[in-house]
Amino acid sequence: MIPLAIDAEDIRVSLQVAGLATLICIVVGLPMAWLLARHQFRGRTLVEVVVTLPLLLPPTVVGYYLLRALGAGSPFGRFLEDELGIRIVFTWYGAALAAAIVSIPFLIRTSQSAFEAVDSELEGVAQTLGRSRIGVFRAITFPLAARGIAAGVALAFARAIGEFGATVVVAGNIPGRTRTLPISVYDAVQAGDIDRANLTALLLVGISVASLLVFSWSLLLVRR
Amino acid sequence: MAALSVDFEKRLGDFHLRPRFDADEELIVLLGPSGSGKSLTLRAIAGLLRPDAGRIELPSGAVFDSRLGLDVPPQARSVGYVVQDLALFPHLSVAENIAFGLHGRPKQEQRERVRELVELLGLEGLERRLPRETSGGQQQRVALGRALAARPRVLLLDEPFSALDAPIRNALRREVTRLRRQLGLLALFVTHDLQEAYALADRIAIYDGGSVLQCGPRAEVFRNPASVRVAHLLEARNIFEGRVVSKTEAYTEIETPWFRVRARAEGRLAPQARAAACVRPEHVILLRPDRPHTNQLDTTLDVELVDEVPTGNNHRLYLRVVQAGDSQCIIEADVPAHPYQVMGVASRRDWLVALTLEETVAIPMGDDLT
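Just so you know, the sequences run in chain order A and B. Numbering (my numbering) for the first sequence: 368 to 591. Numbering (my numbering) for the second sequence: 1150 to 1519.
Please keep in mind that the hints were generated in silico from the structure rather than gathered at the bench. A few of these clues could be false.
To be verified - Quick list of the computed label-pair ranges, beta carbon to beta carbon: (1) B/Q1233 with A/R505: 22 to 30 Å; (2) B/G1218 with A/R505: 28 to 36 Å; (3) A/Q383 with B/K1256: 51 to 59 Å; (4) B/D1234 with A/A439: 56 to 64 Å; (5) B/G1358 with A/S499: 51 to 59 Å.
Stated by the list, open to error - With the C-beta cut set under 8 Å, the calculated list includes, among others, these residues of chain A facing chain B: (6) I373; (7) A375; (8) E376; (9) E488; (10) S499.
Built from N, CA and C at the ideal position, the CB exists for glycine as well.
Could you build the full structure based on these sequences and the hints that come with them?
This is how it looks when you write it as structure tokens:
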């Protein structure tokens, strides 16, 4: 019998981190994508650069700045910890935040194109038919962009679950608390635990492939 | 007071849109070249384009007034808007598209209204299809039904038939006219097609470069173009610029570089005023030279047939005025197929044309730049 070399805790932590990260991406990224797709405003280019930057920055750099901003060494970090009792660094919340920042460009970019692909004439006509702007978004814009958005969510989730550099800097490598699957691979290699490294890596490949399938399936339906 | 009154300004880059016209519960055609601001006017009436200044009044009351700071949002204007590319909602069925404007009303009422419109527009059996599963003509009807569902008092139609084949287009034109009368709607119809304008309009507004050059009942606008530019846009073709040489109770006589012509006495033209004489091709009378015209007040001219183009029901003849000599002066005349045959137009080149007093109009040229 093959020993179950994967630590189930790593899977749980990974799902928690990637799940929360994806949620943050959706809540922050979707309005941002809609804004970028439908509105001209001052500082638009700056916003586009800022939301795209995490794609190009080494994740460790993102993690480092997060650590500096939220750690006990910063006024904001101290405020969070002393006044509100919230600790971000070296917790799975911190890992999720780091993963979210690294993943959000995928969601914003994909959703923005999805929103842009919706003919704004449809929205105008829908308005003349008695719907408010929110009503139009719910009845027209969102359903028509939904598949593109789903693709963006799948990509963001895949990126979040594979995130290593930013999370490890912010949250460290605490088994059962902040050790995600990618960190576990690194950890296993360091410890010479080849079985765990093999199986965990294989699981990550599986998750990535599955996410990619969801992604292309969504996009395929969009082009229909 | 008119049911619809439009008078606003909007600057878009170099383009200055400043339409001004009014209409009652009738079909008003906005006619003009592409890019003259017709569609933008509809967008402004629908509330999708915000004017810089001015006032827009619908039968239900003012919807925009810059001085009062009034700008009713599109969803509260109760305007049915059919855009050029139709913009049917691709993810909703035919029935759902039609019912879109009935949102929030009781389901039963929605169902009945949709059934009513489906019947009215001949869309039976297509209710569950998606727009892309229907033909071009059917999509037109769906767009029309969707715009009419909530019973708006104003219907805006932006070249809705331009993408269709001629037979379907004609059928839909008749349908629009019938529906409009039946529902007592005020309809604005945008087109750059003169035939379509003529076939549909009760009233017509001539657009050019963002402004309305003339607005009035169709027959009046065609009969009395306010300027040479309007006459050109209405394809009057025979427009001869000159000067008024005499004016009597019965006629205004205009001297052009090529000939003298008597026009209807209507108008405020003083002797010596610059003016153009204008006769539409369908009103030019073609005569055999051996059978002279009898009415002394009409203008008759010897002409030579230099070219002709069959246009389906008509033959468009290009006739060179003989007395104009080398300075080319061409009169265009439309001759229907039957007289064309009977008179043997193709068999000879020398003809006589009569420009009747009744159909010749004197257009003031005052400060007209064209």
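The hints, checked one at a time:
1. B/Q1233 with A/R505: 22 to 30 Å: holds (26 Å)
2. B/G1218 with A/R505: 28 to 36 Å: For A/R505 against B/G1218, whose Cβ atoms are near 29 Å apart, the range 28 to 36 Å holds.
3. A/Q383 with B/K1256: 51 to 59 Å: Violated, since A/Q383 and B/K1256 (Cβ atoms, about 43 Å apart) do not stay within the stated range.
4. B/D1234 with A/A439: 56 to 64 Å: holds (59 Å)
5. B/G1358 with A/S499: 51 to 59 Å: Given range 51 to 59 Å: violated, Cβ gap about 36 Å.
6. I373: violated (42 Å)
7. A375: Hint violated; A/A375 Cβ to chain B Cβ min 42 Å, cut 8 Å.
8. E376: The hint is violated - A/E376 has no Cβ within 8 Å of chain B, the shortest such distance being about 43 Å.
9. E488: holds (4 Å)
10. S499: Holds: closest Cβ of chain B sits about 6 Å from A/S499, inside 8 Å.
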